[in-house]
Amino acid sequence: MNVPAQEAPFETVRDVVVENPVISAQKLDFWYGQSQALFANDLDIAPRKVTAIIGPSGCGKSTHLRVYNRIFEQYRGQRAGGRVLLDGQDLLAPGTDSIALRRRIGMIFQKPTPFPMSIFENVAYGVRLHFSFSRKELERKVEESLRAAALWDEVKDLLHKPGTALSGGQQQRLCIARALAMSPDVLLMDEPTSAIDPVATARIEELVLQLKERLTVVIVTHNMQQAARISDHTAFFHLGRIIEFGATAKMFTNPSHPKTEEYITGRFG
Amino acid sequence: MTELRLSHRPATGRKVADVLVRVFSVLSAALGIFFLFWILWVVLKKGHTVLSWSFFTSAPPSPGEGVGGIKYALVGTLKMTGLACLMGVPVGLLTGVYLAEFGRHGAFASGVRFCVNLLMGIPSILVGLFAYTVIVLAAPRHYSGNAGAFALAIIMLPTVARTSEDMLLLVPDALRESALALGIPRWRMITGILFRAARKGLLTGVLLSVSRVSGETAPLLFTALNNNFYPKNLSQPTANLTVTIYNYAMSPYDNWQRVAWGASLVIMAFLLGVTLLLRFILKERHRS
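Sequences listed follow chains A and B, in order. Under my numbering, the first residue of the first sequence carries the number 1, and numbering increases by one thereafter. Under my numbering, the first residue of the second sequence carries the number 1, and numbering increases by one thereafter.
Read the hints as simulated data drawn from the structure, not as lab findings. Wrong hints could be hidden among the right ones.
As the list claims (entries may be wrong) - Some chain B residues judged to face chain A by a derived CB distance under 10 Å, without partners named: (1) A17; (2) L182; (3) A197.
As the list claims (entries may be wrong) - Restricting the straight-line Cα-Cα distance to at most 25 Å, the calculated cross-link-like pairs of lysine-lysine (BS3-like) are: (4) B:K200 - A:K111; (5) A:K136 - A:K156; (6) A:K136 - A:K161; (7) A:K212 - A:K111; (8) B:K46 - A:K161; (9) A:K212 - A:K161; (10) A:K136 - A:K49; (11) A:K250 - A:K141; (12) B:K283 - A:K161.
Heads up, the beta-carbon is just placed ideally off N, CA and C, and yes, glycines get one too.
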């Protein structure tokens, strides 16, 4: 039987209370087959802010993020328990339309994944499926998205070149443009700069700071300086639990939990 | 100081073994190529004498009189192969899609994969007999090009299915996830993005299966049979290259034997063309 061993009740250390969260994970559990990866995660994502999820490898950061757009559900044996509220509705409920959900919650992955088509088509492909735009409107949307992803000036003369012809950092910004074109409310970023050089990383960090004026960002990162530079709130994960959640500035200068301090100062992880 | 000893055994034995392995592997490789070129040489030598434009545009010759041409057989083979593609490619492709995208590691997919492998190993003459039983012997009880195309389609099916599966599996899961994460429905992700990402590999599978069936004789022997008339439609016995070669090569007439060699050369040139095309396609993929 898979009854987890009885442990001392666990409490996340919380330094902030999030008002009107966009997303609110409540008692979120997660299993890969028989092995449990997340334990009763409670996390509120503040609107128009950047929330960073940090923690050592295998702590459940990405697993947690991948519940928000239900991308996990295409894999056999992966399942989530508990609730994740989006505007007060449980997105884990059986009736949720994951297509509509993913239109509202975009995702950027570790490796840039341009589609095997032109730069223009990369951005236009999803737009066409969700909106019925005229050619003019579509062109405007593509331009607007590429501008929002700080890529327009670099690609405006190469719109019909394949997306794979761009550099790694440009490809990642193309993926961001592609996600922005769906007019999402939330952008999930799963280690978006770990496969990209430092200069391109700086550009994407800058971009994230601009994006939070119009949408909510949740970013998983291995890079603590990155979390400190760009996020407002930080959640520290360890062994599938959220150890501490608070304002980033506070957490990186004066963490409340000894484990957080150990991780931030580089004593493990 | 101790003396540095690089080897405590004389190196001669090792060196001899090294040379022997090298010599024998080179010889084996040369032997393989030698037979290929021998076959090519014989077919070219015997076949080229009848080749001319009229060889492709003329009716088959009477016994002992001129060389005529292989027009009917060529058209019949092209028609049957085309019809076989229409049947075998979609089913094979969708089987590959099921195995790579939906079934993956499930029990049913494993069963399907096993059956597809089995189907790939079934001798083509058995496939011919099967088509004979279920189509030729059924009403209206006669040989037909349709039955031949059906047999060829069954032979194409496993090749297309397995290569499609393999090529789709080469596409990284990250691409699938990023498409789904955009709210693209799964079927659009498969047809619009995965097919495009794997298009060269998928085309390779189709071409491989076409080249496989273009040389098949056994499945046509008791399905399409052969015909001395132009294959207007495939509901009649249908002339085709391989059975023509088979019949003419065994005939006592010198002119028919020459036509058989000519037809062999045409098939060989076709296969060579397909192989070169494949090399070209795969090279293109390498570059991009």
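Going through the hints against the structure:
no., hint, result
1, A17, "violated (46 Å)"
2, L182, "holds (4 Å)"
3, A197, "holds (4 Å)"
4, B:K200 - A:K111, "holds (23 Å)"
5, A:K136 - A:K156, "holds (16 Å)"
6, A:K136 - A:K161, "holds (20 Å)"
7, A:K212 - A:K111, "holds (22 Å)"
8, B:K46 - A:K161, "violated (50 Å)"
9, A:K212 - A:K161, "violated (30 Å)"
10, A:K136 - A:K49, "violated (32 Å)"
11, A:K250 - A:K141, "violated (39 Å)"
12, B:K283 - A:K161, "holds (20 Å)"
Consistency note: the structure conflicts with the earlier hints numbered 1, 8, 9, 10, 11.
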